[in-house]
Structure formats: structure tokens, C-alpha cells
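Protein chains in written order, with my numbering: chain Z, 147 to 302; chain H, 10 to 298.
Just so you know, these hints were derived from the structure itself, not from any lab. Do not take every clue at face value.
[Stated by the list, open to error] Pairs of lysine to any residue residues, derived as SDA-like cross-links and limited to a Cα-Cα distance of at most 20 Å, are as follows:
1. Z/K183 x H/K46
2. Z/K185 x H/R81
3. Z/K183 x H/D88
4. Z/K185 x H/E95
5. Z/K177 x H/D88
6. H/K77 x Z/S173
7. Z/K185 x H/V86
8. Z/K177 x H/Q91
9. Z/K177 x H/A96
10. H/K77 x Z/P174
11. Z/K185 x H/T83
12. Z/K183 x H/R81
13. H/K224 x Z/M157
14. H/K224 x H/S108
15. Z/K177 x H/P114
16. Z/K183 x H/E103
17. Z/K177 x H/N104
18. H/K112 x H/D291
19. H/K224 x Z/G161
20. H/K112 x Z/S173
21. H/K191 x H/G206
22. Z/K185 x H/N92
23. Z/K200 x Z/G189
24. H/K112 x Z/Q180
25. H/K224 x H/Y185
26. Z/K283 x Z/E265
27. Z/K185 x H/P87
28. H/K112 x Z/W165
29. Z/K177 x H/G89
30. Z/K177 x H/T83
31. H/K224 x H/L200
32. Z/K185 x H/Q91
33. H/K46 x Z/L151
34. H/K77 x Z/D181
35. Z/K185 x H/A84
36. H/K77 x Z/T169
37. Z/K183 x H/E80
38. Z/K183 x H/G85
39. H/K112 x Z/T169
40. Z/K177 x H/M115
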Amino acid sequence: MNFNLTLIGQMISFGVFVWFTMTFVWSPIMKALQDRKAKIAEGLAAAERGHQEKALGEQRALETLKDAKAQAAEILGQANKRASEIVEEAKTDARGEGQRLILSAQAEIEHETNRAREELRQQVATLAIAAAEKILKKEIDVRAHQSIIDDFARQI
Amino acid sequence: MSTAETLTSQAYIQHHLTQMTLGVHPEQGFGFAHSAKEAAEMGFWALNIDTMFFSILLGWLVFSFFRKVAERATAGVPDGAQNFVEAIVDLIDENVRGSFSGKNPMVAPLALTIFVWVFLMNAMDLLPVDLLPWLFGQFMSLFGANPHHVFLRVVPTADPNTTFAMALMVFFTVLYYSVKMKGVGGFLGELTLQPFGVWGMPANIILEGISLLSKPVSLALRLFGNMYAGEMIFILIALMYSGGTVMAVSAGGLQFVWAVFHILIITLQAFIFMVLTVVYLDMAHQTHH
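Sequences are here, hints too, so could you generate the full structure?
Below is the structure:
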């Protein structure tokens with residue numbers, strides 16, 4: 147162990163290396179490390195925000211969907227109601243119309259019946275007279291016996 | 010081991026433990042020392058060229074590499090080199106944060122420098138002991154030098170000059186911050202007024218003075234001792250290669266095992282030197298006691 151100038155030389159080299167590291171190595175690398183740390187923290191925060199926003203959006207979408215469904219159901223209900231109303235209306239109309247048709251048909255029938263009856267009466271009267279003529283073998287004065295004939299015909 | 014035939018074991022070991030010293034010899038004049046004795050005779054005003062060369066070369070290589078990485082360091086996705094440097098910086102930063110409670114932007118870079126530099130200087134131990142000295146001896150013999158008088162020690166931390174230089178720098182830094190943080194009075198008070206109070210002042214001075222001075226000494230000697238011993242064992246193992254086939258084969262195994270174990274030692278010693286420096290500086294920054 148002999149100490150010599152090397153001691154001083156090594157002290158100087160050591161000092162220079164420490165100074166060099168302090169000035170040119172440590173701070174840029176620490177800065178890069180800090181910057182990266184900040185960047186990563188930022189990224190994580192952004193991811194967290196995105197996550198929250200996504201959850202929020204999903205919830206919003208769900209709500210919208212629910213609203214839409216409710217609206218659709220309402221519209222459907224209204225439509226159903228309207229349809230049944232229309233059907234009901236149509237039914238009422240049809241029933242009225244049918245009633246009316248029936249009534250008019252009945253009136254017609256009545257009318258026809260009356261007409262037929264009247265005709266039949268005339269014919270029976272005519273037949274009765276013809277029969278009476280045959281029985282009496284003589285002319286009956288239709289005009290003179292008109293009231294009798296009418297009376298007879300009315301009884302048929 | 011080309012030198013084995015011409016050298017005794019003792020001479021071989023001696024050769025490996027002699028620095029390449031440049032200085033003024035009282036009789037030979039200015040030049041390289043031709044033996045350990047001559048190197049010692051040069052006194053203080055001589056320079057261990059090998060220690061200086063390898064330490065500065067390693068420091069320059071690694072710190073210029075760090076500088077290059079730091080220059081283009083981005084906060085984005087780091088590439089391999091940046092990742093590597095960041096891992097080291099992060100490790101040091103974490104350790105400094107753990108054991109240094111004060112606020113001083115100089116401590117962490119200091120710790121980084123110590124760890125990286127000491128680690129690399131220690132790692133020179135893993136090169137085969139004869140490789141660089143032999144190559145250098147052959148190279149110098151081209152210029153007419155006797156390879157037996159060309160010395161080269163490749164592990165700068167096995168030279169006490171290096172370890173004491175670093176420990177002294179750390180010691181001066183500790184003294185500087187002790188005075189800066191506590192004031193001259195506070196620092197002297199710490200040295201003289203405890204643990205026994207005013208009346209035990211002589212005892213206090215002895216106790217605290219020893220504990221203060223033991224810090225750099227233990228710091229330097231620990232690293233030097235570990236590296237010197239490690240190098241010595243490599244040299245002893247290398248001696249075995251000249252002892253026949255059986256010895257040579259077992260030497261190969263031993264060298265491998267010791268090298269693997271040495272990986273742990275060089276890392277550990279670099280780490281210990283760094284951690285203790287940080288701890289001493291932390292003590293210097295503590296104003297209360």
C-alpha cells in the first residue's frame with residue numbers, strides 16, 4: 147500500500163464523474179421518469195373517465211329504450227282502442243243499416259201482401275160472382291149487388 | 010501462464026500486485042518503476058498509470074453512455090438502452106429515498122456515480138488475471154521493454170489509492186454538509202458534548218472523533234480489502250495451472266466457481282459503498298441528535 151499522486155488523481159476523477167452525472171445524466175432521466183409517471187397517471191384518469199362515460203351512456207341508452215318501449219306500447223294501445231272503436235262503429239252502422247233494410251223489406255212484404263190480398267179478394271169476388279151466376283143461371287147486376295160482393299170479399 | 014517457466018510463484022504474485030507507476034525515482038530519474046521497490050521509492054509524487062487509465066476509461070465509457078441515453082430520454086415508450094439506464098437510476102433513487110431523509114439534489118447522482126463506477130472497476134476482476142497484463146507485456150516488448158518489468162493491474166479498486174480517494178471525497182462531503190446544516194457550533198457540539206455531556210469532553214472527543222474518522226477508513230478499507238483479496242485468490246488459482254493436468258483442471262473449476270461468487274461480491278461491495286455513503290450523508294443532514 148503506497149499512496150501517491152494517484153490518490154489526488156482519483157479524487158479529481160471521482161469529483162468530475164459525480165459532477166458529470168449530476169449535471170448531464172441524473173436530471174434528464176429523472177425528468178423523463180417523472181414525465182412518464184404524469185403521462186401514465188393522466189392516461190389512467192382518462193381511461194377512468196371513459197369508463198364512467200361509457201356507463202353513463204349505457205344507462206342513458208337503456209332509459210331511452212325504456213321510454214321508446216313505453217311510447218310504443220302506448221301507441222299500440224291507442225291504436226287498438228281506435229281499431230275496436232272503428233269496429234264497434236262499423237258494427238253499429240251495420241246493425242242500423244240491417245235494421246233499416248229489414249224494416250223496408252218488411253214494409254215491402256206488407257205492401258206486397260196487402261196487394262196480393264187485395265188482388266185475391268178481387269179474384270175471389272169475381273169467382274164468387276161467377277159461381278153465383280152459375281148457380282143462379284142468370285146475370286147478376288154487378289152494380290146492384292156491388293155492396294153484397296164487397297161484403298163477401300171482405301169476409302174472405 | 011507464459012511467465013511460469015521463468016518466474017517463481019512468489020515473483021509471479023509480486024509481478025501481478027505491482028502497479029505501473031510513473032514518477033521520478035531518486036536514482037533512475039523520471040520514468041516507469043521497474044519494481045515494486047522502485048515504485049515505493051518514488052514517494053508521493055508518482056502516478057499509478059494503470060489505475061488512472063482503467064478507472065477513467067471505465068467511467069468515461071459508462072457515463073458517456075448514460076449521457077447519450079439521457080440526451081434522448083423520452084417520456085414515451087423507452088427503448089432497450091433507456092430501459093436499462095432507467096432501471097439503474099430507479100434502483101438508486103429508491104435506495105436514496107429509503108435511507109436519505111433530507112433534501113439534497115446532489116446525493117442521488119453521487120450514489121449513482123459510486124454504484125456504477127465502483128461496480129465496473131470491480132468487474133475488471135472477472136477478466137482472466139493474466140489476459141491484459143500479458144497482452145500489455147507482449148505489446149511493450151515490441152518497443153524493447155522487458156515484459157517482466159512491465160506491470161499492469163487492471164482492477165482500480167484493488168489499489169488503495171482509488172478507494173481512499175473516493176472515501177475521502179465522501180468524507181469531505183460529509184464534513185461540508187455537517188457544517189452547513191448544523192453550523193460550526195452544532196458540528197463541534199456534536200463532537201464534544203455527547204454522549205457524556207460537558208464534563209466528559211475529552212472522552213467525548215475521543216469517542217466521536219474515532220467514530221467520525223472510522224467512517225472513511227472503513228469505507229475505503231472494506232472495498233480495497235475485498236477486491237485485493239479477490240484478485241489475490243484469482244492469482245493463486247492461476248498459479249495452479251502450472252502444477253500439472255490434475256491441478257490445471259481443478260484450477261479451471263475453481264476459477265469458474267470463484268468468478269461466479271465474485272459476481273456477487275463486486276455487486277455487493279459497490280452497493281455497500283453507495284448505501285453507506287448515503288447513510289453518512291443522511292447523518293450529516295440530521296440537525297437534531
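field: Pair hint H/K46 and Z/L151, alpha-carbon separation not exceeding 20 Å
entry: holds (17 Å)
- prompt: When you check the alpha-carbon spacing of Z/K185 and H/R81, does it fall within 20 Å?
  reply: Since the Cα atoms of Z/K185 and H/R81 sit roughly 17 Å apart, the hinted pair holds (cutoff 20 Å).
- prompt: Given the hinted pair Z/K183 and H/E103, is their alpha-carbon gap at most 20 Å?
  reply: holds (15 Å)
task: Decide if the proposed pair is consistent with the structure: Z/K177 and H/A96, CA atoms, cutoff 20 Å inclusive.
output: holds (14 Å)
Pair hint outcome, H/K112 versus Z/T169 [Cα-Cα no greater than 20 Å]: holds (17 Å)
query: Is H/K191 close enough to H/G206, meaning Cα to Cα at most 20 Å?
result: holds (18 Å)
- prompt: Is Z/K183 within 20 Å of H/R81, Cα to Cα?
  reply: Cα-Cα ~17 Å, so holds.
- request: Mind checking the alpha carbons of Z/K185 and H/T83 for me, to see if they're no more than 20 Å apart?
  value: holds (11 Å)
field: Satisfaction of hint between Z/G161 and H/K224, Cα-Cα up to 20 Å
entry: holds (19 Å)
message: Next pair to validate is Z/K177 with H/P114; report whether the Cα-Cα distance is within 20 Å.
response: Given that 20 Å is the threshold and the Cα spacing comes to 13 Å, the pair holds.
message: Next pair to validate is H/K112 with Z/Q180; report whether the Cα-Cα distance is within 20 Å.
response: holds (17 Å)
- request: For the pair supplied as a hint, H/K112 and Z/S173, confirm whether the alpha-carbon distance does not exceed 20 Å.
  value: Status holds; Cα separation ~15 Å.
Hints 1 and 26 from the earlier list are contradicted by this structure; the remaining hints agree with it.
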